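Kindly generate the complete structure, drawing on both the sequences and the hints.
One-letter residues, chain by chain:
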Amino acid sequence: MIEVKDLTKRYAEHIAVDHVSFSVKKGEILGLLGPNGAGKTTTMRILTGFLPATSGTAEVAGFDVFNDSLEVRKRIGYLPENPPIYLDMTVDAYLEFVARIKNVPGEKRKARVADALEKTNLADKRFELIKRLSRGYKQRVGLAQALVHDPEVIILDEPTVGLDPKQIIEVRHLIKGLAGNHTIILSTHILPEVSMTCDRVGIINRGRIAAVDTPANLTTQLKGGQNVRLEVAADESAASAALREIPGVRRVTAEPAGGNGRFALTVEATPGQDVRSQIAAKIVGKGWPLYELRGVNLSLEDIFLQLTTEDSEHAENPN
Amino acid sequence: MKGMYAVYRKEMGHYFVSPVAYIIVGVFLILAAYFFTQLLAVYMQRAFEASFEEGQFGGGAAFDVPSLVMRSFFGVLSTLLLFLTPMLTMSVYAEERRHGTMELLMTSPVTDLEIVLGKFFASLTLLVIMLLPTAIGFAYMLHHSEPAAPWRVLGSEYLGVLLLGGTLLALGSFFSSLTESQLIAAVLSFGAILLLWVLDFGTQTATSAWASTLEYLSVFRHYDDFTRGVIDTSNLIFYLSFIVVGIFLTVRSIDSMRWRRA
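Protein chains in written order, with the numbering used here: chain G, 178 to 496; chain H, 1130 to 1391.
These aren't lab readings, by the way, just hints derived from the structure by calculation.
Please read all numbers here as calculations on a predicted model, not as lab measurements.
If a hint is listed, it holds; no wrong ones were tucked in.
Each computed DSS-like pair below joins lysine-lysine, with the alpha-carbon atoms no more than 27 Å apart:
| id | chain 1 | residue 1 | chain 2 | residue 2 |
| --- | --- | --- | --- | --- |
| 1 | H | K1131 | G | K287 |
| 2 | G | K315 | G | K302 |
| 3 | G | K251 | G | K315 |
| 4 | G | K315 | G | K343 |
| 5 | H | K1131 | G | K285 |
| 6 | G | K343 | G | K296 |
| 7 | G | K285 | G | K353 |
| 8 | G | K251 | H | K1131 |
| 9 | G | K353 | G | K202 |
Just so you have them, the derived chain H footprint on chain G, three or more residues with Cβ under 8 Å:
| id | stretch |
| --- | --- |
| 10 | 221–230 |
| 11 | 269–281 |
Virtual Cβ for every residue (Gly too), placed ideally from N, Cα, C.
Structure (structure tokens):
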């Protein structure tokens, strides 16, 4: 449904998007995850035809976003970072206008507006002026605007920003409910959001895609990795030093746990290596009492931080 | 064209849900009514004096009150437009840019030209709505005038004021598309219109090609013929081409937003 190849957007002094490629299948939700200024918004603006790319191609539903911009725009619903709302209009009049400008035929317009209002839980605010609505409601009006013409592709730039926790959950449910009939790209810098709503995640940093995969695969495959947490009664530095000798161990951090000379140690292993049995053998070999040993799965957050920081270190020292 | 109509409807709605249109139209009508009654009173007075003199000394020129009132009134009208059109157009693009709604329009299946035309025709409609009530005064005056009233002259004058107004609106919209600030848009369009008004200042006696070019470009100069009831094709072409250029520049300016945006 969406094909992005080598997309690049260059400004005079910096590259906002640098040879980004990814594809999204029909009915899928792709999350673009990255720190602020990573190039998420620029990528989305190119897809919606708002900005032209410097080089590379992007296709939506088989139409090139630059050459067939109008065809693409017919098929896209887009919620920019700031909801593009007219404060002086009522919710109803606004959605009716958007439906009109998005080519929804007259006889379907009323039904489409009602549907969008219902999906975004705005029915009771229908005849209120948008400027009188709270931030959360304005955001929902923005969402309704992206849905009102029942587009094949929906592009949401930080859809949950500014909402309270309850509203965030509602919006996530809404987005999940839209998948299947619609192909969705959303951007966020909130990690739980992607693991909860998205089928696949593209981690983007400094204009480059660092990884694209399912949230589950990213967590297991990419880092392979597990941290190991153990509690042991032993001298802190001796234990740390002993564990560091084990091949595959990258880092050991220790902190006192519950007195009695016990320490909680967190062992970071190189990806793809399971060091748990070796750790157990080592501790037992030394004769230290072992109280606990368990693997801790890396959260998406850890991976994200690791990927984006590694990448920036890389960028600073290219050699 | 559907997209243009959608934009047009939205603009009209926008004018009339906010107090802006009511205030501008209201202020305009108060000023217009004041000038109309004053002009009518002044010329009636002079006509009486003239007829009095005619009775006393014989001869004397015929005094055509309706034509004089209309001509003077439409002269005043051009000055009012100079002040009011920048206020009508200052927000058309600047507000959309500031609130990010330009992004909605520019990612919708409408061309830039449809956006610009929709907005232009909406502001032109507002101008017509603003001018319509003035016709009541003229209709009343012409209905009661003896001998027969010069309706055609009135038609030519309204045509002139629409063309002049359209030109100023096209120009003002262009300046509004350049900035996110309504104030800057208003000041720029006011300055530009004023400059175009006084462009022929001092060229009356000069004969160089440069002087005649400046004279030609002065937007208000072409308006004079209309107020005298003369519809000259060259004046028509001048205004229409001015409007087309204004619209073209606005389309280019919107398009350039896509390339400039950081």
